[in-house]
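Q: The residues making up each chain are set out below.
2 protein chains.
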Amino acid sequence: MPYDYEKDGAAIYRQSFATIRAEADLGRFDVDEEQVVVRMIHAAGMVGLEEHVKLTPGAVAAARMALESGAPILCDARMVSEGVTRFRLPAENEVICTLHDPRVPEMAREMGNTRSAAALELWRPHLKGALVAIGNAPTALFHLLNMLEDPDCPRPAAIIGCPVGFVGARESKDALWADQPVPSIIVEGRLGGSAITVAAINAIASRKE
Amino acid sequence: MPYDYEKDGAAIYRQSFATIRAEADLGRFDVDEEQVVVRMIHAAGMVGLEEHVKLTPGAVAAARMALESGAPILCDARMVSEGVTRFRLPAENEVICTLHDPRVPEMAREMGNTRSAAALELWRPHLKGALVAIGNAPTALFHLLNMLEDPDCPRPAAIIGCPVGFVGARESKDALWADQPVPSIIVEGRLGGSAITVAAINAIASRKE
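As given, the protein sequences belong to chains U and R, one line each in that order. According to the numbering used here, the first sequence holds residues 1223 to 1431 in order. According to the numbering used here, the second sequence holds residues 1223 to 1431 in order.
Just so you know, the hints here were simulated from the structure itself, not pulled from any lab data. Misleading hints may appear alongside valid ones.
[Unchecked claim] Which stretches of chain R does chain U cover? Using the computed rule of at least three CB atoms under 8 angstroms from a CB of chain U, they are:
hint, region
1, 1317-1328
2, 1374-1382
3, 1413-1421
[As the list claims (entries may be wrong)] Listing some non-contacts, in silico: residues in chain U with all C-beta distances to chain R over 12 angstroms:
hint, residue
4, Asp1226
5, Glu1228
6, Lys1229
7, Glu1245
8, Asp1247
9, Val1253
10, Met1268
11, Ser1291
12, Glu1314
13, Pro1324
14, Arg1337
15, Gly1351
16, Arg1392
17, Val1404
18, Lys1430
Every residue, glycine too, gets a C-beta built ideally from N, C-alpha and C.
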């Protein structure tokens, strides 16, 4: 007997988001934030993630305005850039990941840093007013913060800071939250990753559920 | 003052895996399984994930042997196929994701199913002996199980079944585990996703940590 299951993508989204809203503790978020956090929970398959999400007041609005005005999205990993749903973008925004640029391995050696961090040096021409999305590498987020210590470094419009893992993830996100060089969205602690980051981008790009 | 942080990729991996091995409950896994589960925990940033991982005895060996003999990896989503670390693959294995094939939207309409499920019909020529990795869509895993109910459908060597979410994820993985059409690796319940799936592939592809 073949399995019978829900095959309608729109119905799957509706049921998923209804379950999340029934189970998750979303009271402290405003309407814009709530839509972003619901989608992050959805990507993680994890009610309770909301406890770890922190957003600068106005961060969602700032990021959305940037996209509406045509800003690019700068991603630290291909799993992030590939996950962005292109038809949700309001201005056919460029989605840029420089990690596999052929110059990066040599730059990383010279810098004595990871390729993920070195790749951000290639963001400089795109950085002004961009939406930054770091969903993998703590070293990338630390390096971005160090770049932004230079007042001449162009400022992005907002930063989604969600690197994941056991070394530097918590510390780099704490540093972003303490510095607040621009409005930011983080997942505190070890949790994070490309799927959660992509979900935040996709929710910011369009209110459509 | 610029932030000081660990910038050596190899040291970051070493420290991460040491932390996971100190904290996670890995006693029930054999050596091959343990390496896979450690990498899955690493990708999720979540000690405790191991409680939800189930592996058919010999699944890791079967999947590894398939890759060593040149089998392709069939992925349900671009976030999975993009995450596979190519230099870890033992035989320059093909990594195939058919989701964005231009025929898929029309096939999905005809089938009355999601694009993720319809895309698997294009796997048939590649399916025999392949490593299947489903890290996103429950509908894809359900459709694969229905395809495999036909005894004439080619058998993959192993299935990594890790769709994520609130509608069908738990049910499709329970169905895979009950059916066991081929050796399988699953994350029970809602948890799963592309990063965890990619981590399993990368661990199977090479024992190198």
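Q: What are the numbers of the hints the structure violates, in ascending order?
A: Violated: hints 1, 2, 4, 5, 6, 7, 10, 14, 16.
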